[in-house]
Amino acid sequence: MFQSLSDRLSGVFDKLTRRGSLSESDVNDAMREVRRALLEADVALDVVRDFTDKVKAKAVGANVVKSISPGQMVIKIVNDELVAMLGSDASPIDLNAQPPVTILMVGLQGSGKTTTTAKIGHRLTTRDKKKVLMASLDTRRPAAMEQLIILGHQITVDVLPIVAGQTPLQIAMRAQETARTGGFDVLLLDTAGRTTIDEELMDEVAEVKRATSPHEVLLVADALTGQDAVNTAKAFEARVGVTGIVLTRVDGDGRGGAALSMRAVTGRPIKLIGVGEKWDALEDFDPKRIAGRILGMGDIVGLVERAAQTLDAGKAMAIAEKMRKGSFDLDDLSEQLKQVEQLGGMGSIMGMMPGIGKMKKQIEAAGGIDEKMIKRQRAIISSMTPHERRNPKVLDGKRKRRVAAGSGTKPEDVNRLLKQHRDMADMMKMMKKTPGMMGKMAGMMGLGGGGGFGGGMGGGQPSAAELEAMQKELAQLDPQAIAQLPKDVQEALKALPKAGQQQASKTATLPGLGGGLPGLGGGRLPGLGGPALPKGSFPFGGRKK
Amino acid sequence: MSDEPEKKRGLFGRLFGGKPDDRAPGPETVADTPPSNAVVPAFEGGEGRDVPAGIPAAASTEELPAKQGWLQRLKAGLAKTSTKLSDGITGVFTKRKLDNETLEDLEDVLIQADLGLETTERVLATLRKTRFDKTIAPEEVRQVLAEEVERVLTPVAVPLRISGLNQPEVILFVGVNGTGKTTTIGKLAARFRTEGRSVLLAAGDTFRAAAIEQLSVWGERTGVRVVSREVGADAAGLAFDALSEAKRDKIDVLMIDTAGRLQNKKGLMEELEKVVRVLKKSDPTAPHQVLLVLDATTGQNAISQVEAFQLVAGVTGIVMTKLDGTARGGILVAISAKFKVPVVALGVGERVEDLQPFDAREFAQAIAQS
Ligand SMILES: Nc1nc2c(ncn2[C@@H]2O[C@H](COP(=O)(O)OP(=O)(O)OP(=O)(O)O)[C@@H](O)[C@H]2O)c(=O)[nH]1
Ligand SMILES: Nc1nc2c(ncn2[C@@H]2O[C@H](COP(=O)(O)OP(=O)(O)OP(=O)(O)O)[C@@H](O)[C@H]2O)c(=O)[nH]1
Ligand SMILES: [Mg+2]
Ligand SMILES: [Mg+2]
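Line order of the protein sequences matches chains P and Z. 1 is the number of the first residue of the first sequence in our numbering; add one for each residue after it. 1001 is the number of the first residue of the second sequence in our numbering; add one for each residue after it.
Since the hints were made in silico from the structure, they are not lab data. Honestly, I wouldn't trust all of these hints.
[Claimed, not checked] Here are the simulated lysine to aspartate or glutamate pairs, DMTMM-like style, with alpha carbons at most 25 Å apart: (1) P/K375 - Z/E1271; (2) P/K54 - Z/D1108; (3) P/K372 - Z/E1273; (4) P/K278 - Z/E1271; (5) P/K338 - Z/E1273; (6) Z/K1134 - Z/E1107; (7) Z/K1265 - P/D251; (8) P/K375 - Z/E1270.
[Said to hold, decoys possible] Among chain P residues calculated to face chain Z with C-beta under 7 Å, some are: (9) L45; (10) G110; (11) E146; (12) V163; (13) T195; (14) T196; (15) T225; (16) G226; (17) N231; (18) G252; (19) D253.
[As the list claims (entries may be wrong)] To be clear about the criterion: a stretch of chain P counts as covered by chain Z if any three or more of its residues have a C-beta under 8 Å from a C-beta of chain Z, and this derived list gives those stretches: (20) 33-44; (21) 129-142; (22) 254-266.
Predicted, not measured: the structure shown is a model, and the values here were computed from it. Just so you know, even glycine gets a beta-carbon here, dropped at the ideal spot from N, CA and C.
The following block holds chain Z by itself, in its conformation from the complex (with noise of 0.2 Å):
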């Protein structure tokens, strides 16, 4: 069925040399008992944490190399593609002085970085008043560049947490179609794993075909139990009974899956509303966490998207995903500005170790390609 061949071996595989097979999911090895400590960061670091058998050992300690891996995989990415934002700074600045002209030209740059017009013209206002009409080193530029962009980030690079309070901790996955909710729980759930925390999943996509079978899959190889009904179930109700016995079973972290839909779908998002409302009769402060899935390839949709789901499940973090392609999710950076809402992880690739901590300097050093 869905047996990976080993050819490719995940980002995390390859950076700290472990067996390609390593990445197979912990057994039942892991302690249901939870964490002694109130707030344990779920990302941060990894030294003094007990690392269950079966659970690679490098998932937890990715806190250097994995910045490393990062730009060098989206360096490696912005070489093989034709019109590329390093080759583009460096050809408009080696010739000429920082005249309008030449920010014309950086906005075609940004633009094809999926910045956006608005966000685009902040940074090159920046660049206006700064350094107009000086001549001005290509170093400078992508310095400048960087700067301005990581300014905007690094108020959303906050990673994410697991307060230690609720129990459980309830995330909901909400976003638009294909994004990569499923996946991004199944990484997640292999994580907290490592974290020594119990978790459990719950199949809240009743729609789409094998969404469940999908889910029950990453239950498998994390060692998870994934809690589901027949499709077509009220995707509220499961997530009732699911937070039931999340309680009853004194469960670290219930991750709730939901169906793909498009913002623009009123009775769909209705029904996402329902699910947070329900989830409140069980828990006032559920969810506790709803982490919303954006493409990195998706254009200027991505605001209204980030607006939508806001509005309706009130967003708390965006993981952003398939940045292992040639998108760069410049995005990002203009759905930062306007929203300020925390980027918690990055997907990097399909695989359970496929998935990183936001880092501004780094994300904004790819776009800038210094």
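Isolated chain P, as found in the complex (with noise of 0.2 Å):
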């Protein structure tokens, strides 16, 4: 649905000749962008027309630098003016006063509050060692205090008893006074939700936090929340008076310009993230990896992390030890196929791509990625023989016919699976006449080459000097070597130098992501069938000027 900054500032930018330095009305297309690729994250439309004038003013002028596009260099301004807007600086909750602290939580109607309750509760348990005492003061929602209750008990945090027919400021009081003669630490008061145009259920929020004094206020706010984001932060803040945002539902896949609006309106920092529904589910607040998804940048972070979770790392291990040894077949190659599916189709994983949206296009032009060739791929591995699956080359024709019929098939998608596989081995071969080099073409198909797997993913983007080395490396190689190499397989490696001369350039960060895709190396997608890569533009980045 969207499109990401990159590629649409590239768009504007593309028409324009190069440059030394920004002119307005270069400043001024580009902002136009910016403010469509803010708008459909849900930044709220006053922030985003303060937002772009702050970066404009920087821009305008900007010298750019001659290695990178100029729109490289408005993007690099906007994410740093978001980065900083977003408050660069951590700030955790603060426990600095008199015990018991109070920490009231409010919000609309369910935002998370409960929820987020229990998780700072956890954690200022368990990792802070604070005795901690919570307290509903939801007196309307059904079951909201037996919420709470349950929660307390799993997470094994003492909750305050229910007393029937007290209302909230009644309960509060009863919850200050029992945290400060159990000597408790800190106080959590949750709150029920309220819409801020209720005038009697926001007076009776302030009157609570008048008579309680908490040490913080925090409202919890879900970071799917569209433009009404301004309201319901202008709300709280003047009715109220909160001293941190809670954004929940990080998890999801909403850009989460709620962030920017709220922390904007307030001045408040965002405190805390809410990334699931389980009591650990809870995170602190790192303003660049919203920044990266509020501009459609790909939340790299977010990707490595997701892969790191779902991937078997000990599967991907063994994969790579064969890559190392040539003894690639086909089981290996299921095995690969079942991890990319996994991870939740191509679909997503593109989305989350920094810079994918122009090259999904062009996959959509050639055939698109068809997800079911995934799982058909791995019918027709599954259809052969355990002896065929190690063996490729005993699969003569009638065989080939089995093991189409057997996964309902046709030879073709038979014959189409096997060159792909062969054009896999033949890179691992290259691979192995070139030690140095090996190791890091497989950590870059995300197959553990070099430090394991993880070593492999977290890496993320090769240096500058790293993609330097191994254009020495594939300087040294037979040239004859390569030109056996599948045509495909040749272009990809034809683009290494490219993405080293532009390392500081959007394309240079694809590599970087090949690494959290493993099957997706040598150019070739599986499941992509026929049609390799659109050239040079994946996994070797080097979108061509």
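Work from the hints to combine the two standalone chains into their complex.
Here you go:
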């Protein structure tokens, strides 16, 4: 649905001739795209306007470094400014007060207050060794108090017992008394959800705040919130006064523009983010990560984490080992395909990658990534005998027809799969001949070359120095050996030096992502069947200018 | 526990002047016999239908006054927030001709209602085509705007219907976390009881803390039985059992609650797929309705919510909740244009009576503020 900002800006600047600095009209064009990106990410309109004004002031006249495109330059300025506005310094919950330190949780209905209360309780208890008491002031929602009691039980944190008929204010006072006499360090007050135009309920929570003088008032807000984020944030800030914001459902695929809106209109820091329903799914806020999402630059960190969670590191290592030995058989290919499948399908992975919008279109134009194809290919492999899988060469016409019939495919499909496997095997052989490069490339293919799987993944994008080293290794390769490689692999290799030169450009980030995608090596996506990837686009970067 | 003080009366309560405590659930006096007519619109009118004792009469006769209330309520909400749609439009159009700059300002105004860029641009394209460079009165712009929005919304304004052909009619509720699934089930349970139908609820959220208790409270409030299992039990198995029970007891409507799930969680979406699959084993035509509950405060992500739940569970209708707040739910315009899924009801509060039929004109006018 959303095209990434980098794609759009490269579109804007493609039309321009390269100049040494950015003119005002260049920047104005770019700002229109930035505005779109921010709005599509649900950043509130007023906030967008302020933001683009700020960026414009910085961008006009900014010198464009030779190796960087104007689009890159603008993205960098936008990104830096976004991170600055989101708050570059972490601001954790402040417990620096006379115990019991009271923390009041407020927010709209269903935003995640009760869940977050338990998460914070869990964190303070286990990590900070605090004695925590939680109390629910929610006398309205059915079973709200039971919810907190159950959560308290699960995380072994004390919860104030229910006394029927008490008002929220009475409960709050009782909670403070209990916290004081019970020697608690921290008191967490969960409240009922309320709309900001419900005067009575806003009064009620303001009253609770006055009476309890909480050290922190945390506004709990849904990261999927749209333009209403400003209304909500302004109202809670004005009527109650908040000290920080907790953003929930950051584990969703929303772009999280609400973070910027709320931060901007309240001036309050985002202190924590909720990334799941379990009590340990609470993280410190990382402005860079959210900035990347808002701009549609892809959540690299998120991708890597997700990949690391989903993939079976052990199996990937075993495959890498086989690659090293040059004995990559069809069982291994099947395993690799399965891992790609487990990552959540190609569509969702690609959506998470920066600069991928254009490439996705090219791939779609070339016939598209057929997610069913992966399934089909695995079906083909599973219709083979173990012997055939280990020795694909024995597959003659007759056997191929049998495999095709067994997997409900056509003999052409079987041929295509075998060719894909051969190409990959060739690539492995090539790598075997050049030991230095092998680990690196295996790493890039997510198969745990070098520092094992984690290293291959977490290593992220290769540094300029690494790319340079790879170039050198490439130069030492026997040109004849290269000529024997499949065409797409050759092209991928040719594209490599470009990535090195343009290491600051957006396309150079692609090799890093290659690291997260097993089975995507060799410039050929499994599941893509016939056509190789568009020239030079993956995994070695270098979108041709 | 959850004895709500009666200080804040429900929308219907205020509209109809009924006693606040009329909200109390209907006792077991409701006839368990199925309605005799084959097709009874769940939301339309109320005249001539027997209202069981203990159920507020107002709840079934909301047609006329509710319209007013919905708009009034929205206007009240709108009036309290700072940058308002109406101010925006009036401000823009009393001054100038409908030129490019004006259209740009208007674009801002629509974006703030959460229509999204694409939909906003489409509305603007209509304006551009018909009115460009003409001096245009504020009322006229609002009119054009409302008409265009209404045009998009009209096809999806389809009230919730119980065909009467299925016994039970199985309604599955799906959506991301905290949107209002459980609450909407509670509200609808009361509605169906008012219409004289027998209802069974299935506590299919076996994951979230106190989700079962929450639905049980709604069951007590509405005098409806709730089928539940222990925490952590298989939701699909529970749904299957509930359906068997509903069949055995000749229940008219079975509503199945599910745990909230973000649409990008593959495992959780598969689990939902399984619920649907297992239901079909018992009744190949079930679930007869799959209602996606959307939160009005949600921004552009709502589009991908519809897309994903559609794919996995085959959404047949949308309920948009929390329209009693400051959010206008303009994303519904984009969703209607794109998916054409019926919008069967709106949630306008936390009480049992805070559920309204969706009316395209009202919604459009609320957005255009005419
Ligand atoms: N995926 C995800 N779900 C969350 C997160 N935080 C909360 N939830 C879910 O959101 C739903 C609502 O959470 P609650 O904690 O009950 O929200 P609340 O603000 O207390 O709700 P009210 O008390 O009714 O206003 C539940 O299903 C939670 O499991 C999060 O960070 N990620
Ligand atoms: N203001 C308002 N609040 C609502 C409306 N509908 C539901 N709520 C509130 O929103 C919160 C969440 O509602 P639930 O029904 O628990 O939502 P859910 O989708 O079942 O949540 P999970 O099961 O946790 O995913 C509760 O506090 C409800 O009272 C509505 O139309 N307006
Ligand atoms: Mg709560
Ligand atoms: Mg629920």
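### Message
Check whether the Cα positions of Z/K1134 and Z/E1107 lie no farther apart than 25 Å.
### Response
Roughly 18 Å between the alpha carbons, so the hint for Z/K1134 and Z/E1107 holds.
#### Entry: Assertion that chain Z covers the region 33-44 of chain P - criterion: three or more residues, beta-carbon distance below 8 Å
With 6 residues closer than 8 Å to chain Z, the region 33-44 of chain P meets the three-residue bar; holds.
### Query
Given the hint that P/K375 pairs with Z/E1270, does the C-alpha gap stay at or below 25 Å?
Roughly 16 Å between the alpha carbons, so the hint for P/K375 and Z/E1270 holds.
### Query
Taking 7 Å as the limit, does the beta-carbon of P/D253 come near enough to a beta-carbon in chain Z?
Hint on P/D253: holds, closest Cβ of chain Z at ~4 Å, below 7 Å.
### Query
Does P/T195 pass the interface check with chain Z, least Cβ-Cβ distance below 7 Å?
At about 4 Å, which falls below the 7 Å cut-off, the nearest Cβ of chain Z leaves the hint on P/T195 intact, so it holds.
### Task
Using 7 Å as the Cβ threshold, decide whether P/G110 counts as touching chain Z.
holds, 3 Å
### Query
Going straight from one Cα to the other, do P/K278 and Z/E1271 come out at no more than 25 Å?
Given pair P/K278, Z/E1271 holds - Cα atoms ~17 Å apart, limit 25 Å.
### Task
Using Cβ atoms only, decide whether P/G252 comes closer than 7 Å to chain Z, and label the hint accordingly.
It holds, given that the least Cβ distance between P/G252 and chain Z is near 4 Å, below 7 Å.
### chain Z contact restraint on P/G226 - CB to CB distance below 7 Å
With a closest approach of 3 Å, the P/G226 hint holds.
### Query
Is the straight-line distance between the alpha-carbon of P/K54 and that of Z/D1108 25 Å or less?
The given pair, whose Cα atoms are some 19 Å apart, holds under the 25 Å limit.
### Task
Under 7 Å, Cβ to Cβ, is where P/T196 needs to be relative to chain Z, so tell me if that hint holds or is violated.
holds, 6 Å
### Task
Identify whether the interface hint at P/T225 stands, where standing means a beta carbon of chain Z within less than 7 Å of its own.
holds, 5 Å
Going through the hint list in order, the structure does not satisfy hint 12, though it satisfies all others.
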